[in-house]
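Trainee: Per our numbering, the sequence shown runs over residues 20 to 484.
Simulated from the structure, these hints should not be mistaken for lab results. Computed from a predicted structure; not experimentally measured. A few of these clues could be false.
Unchecked claim - With a straight-line Cα cutoff of 27 Å, these simulated DSS-like cross-link-like pairs (lysine-lysine) come out: (1) K95 / K380; (2) K239 / K289; (3) K242 / K403; (4) K132 / K414; (5) K422 / K403; (6) K147 / K132; (7) K293 / K312; (8) K380 / K322; (9) K129 / K467; (10) K107 / K123; (11) K115 / K129; (12) K107 / K147; (13) K331 / K41; (14) K115 / K301; (15) K422 / K132; (16) K413 / K366; (17) K123 / K293; (18) K60 / K381; (19) K426 / K366; (20) K331 / K312; (21) K289 / K123; (22) K147 / K242; (23) K403 / K421; (24) K147 / K129; (25) K366 / K381; (26) K312 / K242; (27) K95 / K123; (28) K132 / K115; (29) K104 / K165; (30) K482 / K422; (31) K115 / K421; (32) K95 / K381; (33) K467 / K426; (34) K414 / K476; (35) K242 / K293; (36) K41 / K380; (37) K467 / K422; (38) K331 / K417; (39) K41 / K207; (40) K165 / K322.
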Amino acid sequence: MLVHLPSNLTILQALIMRQTSKDIAIIGSGLIGSLLAIYLKRLGHNITVFDRRPDIRTIEFSGRSINLAMSNRGWKSLREVGIEKEIKKIAIPLYKRAMHVNGKPVYFQKYGKEGEAIWSISRGLLNKKMIDLAESTGVIFRFNEKVWDIDLPEARLYTGATEKGAWKAYNYDIVFGCDGAFSRIRHKMQRRSRFDYSQDFIEVGYKELTIPANDDGTHKLDKNSFHIWPRGNFMFIAMPNQDGSFTCTLFLPFEGEISFENIKTKPQAKEFFKTYFPDVIKEIDNLAGDFFKNPTSAMVTMKCYPWTYWDKVALVGDSAHAIVPFYGQGMNAGFEDIYVLNELISKYGDDWEHIFQEYQKKRKPDADAIAELSFRNFIEMSSKTADPLFLLQKKIEKHFAKKHPDKWIPVYSRVTFSDQPYSEALAIGDWQERIMEQVMQIPNIESKWDSREVEEKILELLKQD
20 MLVHLPSNLT ILQALIMRQT SKDIAIIGSG LIGSLLAIYL KRLGHNITVF DRRPDIRTIE
80 FSGRSINLAM SNRGWKSLRE VGIEKEIKKI AIPLYKRAMH VNGKPVYFQK YGKEGEAIWS
140 ISRGLLNKKM IDLAESTGVI FRFNEKVWDI DLPEARLYTG ATEKGAWKAY NYDIVFGCDG
200 AFSRIRHKMQ RRSRFDYSQD FIEVGYKELT IPANDDGTHK LDKNSFHIWP RGNFMFIAMP
260 NQDGSFTCTL FLPFEGEISF ENIKTKPQAK EFFKTYFPDV IKEIDNLAGD FFKNPTSAMV
320 TMKCYPWTYW DKVALVGDSA HAIVPFYGQG MNAGFEDIYV LNELISKYGD DWEHIFQEYQ
380 KKRKPDADAI AELSFRNFIE MSSKTADPLF LLQKKIEKHF AKKHPDKWIP VYSRVTFSDQ
440 PYSEALAIGD WQERIMEQVM QIPNIESKWD SREVEEKILE LLKQD
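Using the sequences provided together with the hints, build the complete structure.
Mentor: This is how it looks when you write it as structure tokens:
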């Protein structure tokens, strides 16, 4: 039977008509949980978000943050529910990297084409804003309420003050686990047969530091750049905030000659910054203070499968695919999960089992691909960005891409400035790397990198593949 919708009925309202309203619980009030709540509430569902932590809007942020880098996938997901413009008010566009190499002037590398940027956003500020936006749509948040267990077939949650104390039961139609890399919901799913799970910690940890604003509120470094101090097996980064400060992150091995374990006093911390980051020497007291005030945190890659249980439970974001932060895609990948879920909801209506099955099959290869790309980018950012041959290779790629934009799009642009599947970007990036390995073997490549000979060589290799 054909149903004729009024001409003024929006697509979103039409989708609501195709779905039966459900009572849905989301575990985790972070960025992914808050955005998913907005999506599902606007589709007509009753949404309750549980979080074991206090309301982030009422407390000082933890000092464990790495500023977020919002890119194309994230903006697309926010645009779908009409909040992109609101979030851009608290973001700063970064058009280039600023490379701080000892003994050399700061030099800049544009991220992409003219006008292409990643956007720096404070994690705490964004999370507070997302909760506000979710509440404004009618989402209910239950803070300081820890979920200890879940009955998967019944979508029944159990919460309580302590693990061994009295628990309260809540019945829902659907539960989404958005509770991070150490998800309680996933933990219960892991106990079922044929559930694959792995976690890999890298030997490098991170610590949040701060460069405050100038007295007049301006930034002490270029505000539209992502600042990187590459130092081999460790590095320092800085991303701007709207108040003129920079949120900085020191990535350093846990153990070894130059490591967190070997910096035990403020004088040692000051000497460390003085030796390896001399151009931030004016901030040395502040940086050394933050070094001991803020915790040292670990980074993990977590993979699992399946991500769903029947038509009752699904994992989204880090609870399904935690990655290290070196491509700036953790949040973007989680937001893209939600965008894909929303597409499948519009396609299959009330068939949640079908929605969940297709969701995990579609997203799993891309989650694995961005995990691999993120790990590789740590090597690139910490070591290769100070390597003259690597920089020359990137220069050749950029020159060729500018002349032949239909034949060469760098993998970074595919990941950051498009919504091409991560798995395709990884495969194409590996293919391009094989081509460039041959190009870099051309005799005297340093003196003729922009010659017709090099251009013809790349075109020839592209045809061979």
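Trainee: State for each hint whether it applies.
Mentor: Here is how each hint holds up against the structure:
1. Distance restraint check for K95 and K380: the Cα-Cα separation of roughly 21 Å lies within the 27 Å cut-off, and the hinted pair is therefore satisfied.
2. With a C-alpha separation of about 19 Å, the suggested pairing of K239 with K289 holds against the 27 Å cut-off.
3. Between K242 and K403 the alpha-carbon distance is near 24 Å, which keeps this suggested pair within the 27 Å criterion.
4. Restraint check: the Cα-Cα separation between K132 and K414 comes to about 14 Å, which is no more than 27 Å; the hinted pair holds.
5. For the hint linking K422 to K403, the alpha-carbon distance of about 25 Å falls within 27 Å, and the restraint holds.
6. In summary, the hint linking K147 to K132 is not supported, as the alpha carbons are separated by about 32 Å, beyond the 27 Å threshold.
7. With a CA separation close to 19 Å, the supplied pair K293 and K312 stays within the 27 Å bound.
8. Restraint check for K380 and K322: the C-alpha separation of about 14 Å stays at or below 27 Å, so the hint holds.
9. With a C-alpha separation of about 22 Å, the suggested pairing of K129 with K467 holds against the 27 Å cut-off.
10. Distance hint between K107 and K123 is unfulfilled; the C-alpha atoms sit about 34 Å from each other, more than 27 Å.
11. For a cut-off of 27 Å, the pair hint linking K115 to K129 stands: about 4 Å separates their Cα positions.
12. About 14 Å separates the Cα atoms of K107 and K147, which keeps this hinted pair within 27 Å; it holds.
13. Simply put, K331 and K41 have alpha-carbon atoms about 11 Å apart, close enough for the 27 Å limit, and the pair holds.
14. Under the criterion of a C-alpha separation no larger than 27 Å, the hint pairing K115 with K301 is consistent with the structure, at around 24 Å.
15. Taken as a hint, the K422 and K132 pair is honoured in the structure, with Cα atoms around 12 Å apart against an allowance of 27 Å.
16. For a cut-off of 27 Å, the pair hint linking K413 to K366 is broken: about 41 Å separates their Cα positions.
17. A C-alpha spacing of about 16 Å is found between K123 and K293, which places the hinted pair at or below 27 Å, so the restraint holds.
18. The straight-line distance between the Cα atoms of K60 and K381 is roughly 24 Å, inside the 27 Å bound, and the hint therefore holds.
19. Taking the CA atoms of K426 and K366, the gap is near 34 Å; set against the 27 Å cutoff, the hint is violated.
20. Straight-line distance between C-alpha atoms of K331 and K312 comes to about 42 Å, which puts the hinted pair past the 27 Å bound.
21. Our distance criterion of 27 Å between C-alpha atoms is met by K289 and K123, whose separation comes to about 22 Å.
22. Of the supplied pair hints, the one linking K147 and K242 holds, its CA atoms being roughly 23 Å apart against a limit of 27 Å.
23. Among the hinted pairs, K403 with K421 is consistent with the structure: their alpha-carbon atoms are about 22 Å apart, no more than 27 Å.
24. For the hint linking K147 to K129, the alpha-carbon distance of about 31 Å lies beyond 27 Å, and the restraint is violated.
25. Simply put, K366 and K381 have alpha-carbon atoms about 14 Å apart, close enough for the 27 Å limit, and the pair holds.
26. For the suggested pair K312 and K242, the alpha carbons sit about 25 Å apart, so the restraint of at most 27 Å is met.
27. Distance hint between K95 and K123 is unfulfilled; the C-alpha atoms sit about 38 Å from each other, more than 27 Å.
28. For the proposed pair K132 and K115, the alpha carbon gap of about 10 Å is at most 27 Å, so the pair holds.
29. Proposed proximity of K104 and K165 is contradicted: the alpha carbons are some 33 Å apart, above 27 Å.
30. Distance check on the hinted pair: K482 and K422 sit about 17 Å apart at the alpha-carbon level, within 27 Å; holds.
31. A distance of roughly 17 Å separates the Cα atoms of K115 and K421; the hinted pair therefore holds under the 27 Å criterion.
32. Taken as a hint, the K95 and K381 pair is honoured in the structure, with Cα atoms around 18 Å apart against an allowance of 27 Å.
33. For the suggested pair K467 and K426, the alpha carbons sit about 21 Å apart, so the restraint of at most 27 Å is met.
34. This hinted pair checks out: K414 and K476 have alpha carbons roughly 16 Å apart, not beyond 27 Å.
35. Taking the CA atoms of K242 and K293, the gap is about 23 Å. The hint holds against a cut of 27 Å.
36. Note on K41 and K380: the hinted pairing holds, with a Cα-Cα distance of about 24 Å set against a maximum of 27 Å.
37. The straight-line distance between the Cα atoms of K467 and K422 is roughly 16 Å, inside the 27 Å bound, and the hint therefore holds.
38. Restraint check: the Cα-Cα separation between K331 and K417 comes to about 47 Å, which exceeds 27 Å; the hinted pair is violated.
39. The suggested pairing of K41 with K207 holds, with an alpha-carbon distance near 23 Å, which does not exceed 27 Å.
40. Only pairs whose Cα atoms come within 27 Å are accepted, and K165 paired with K322 is accepted, the gap being roughly 24 Å.
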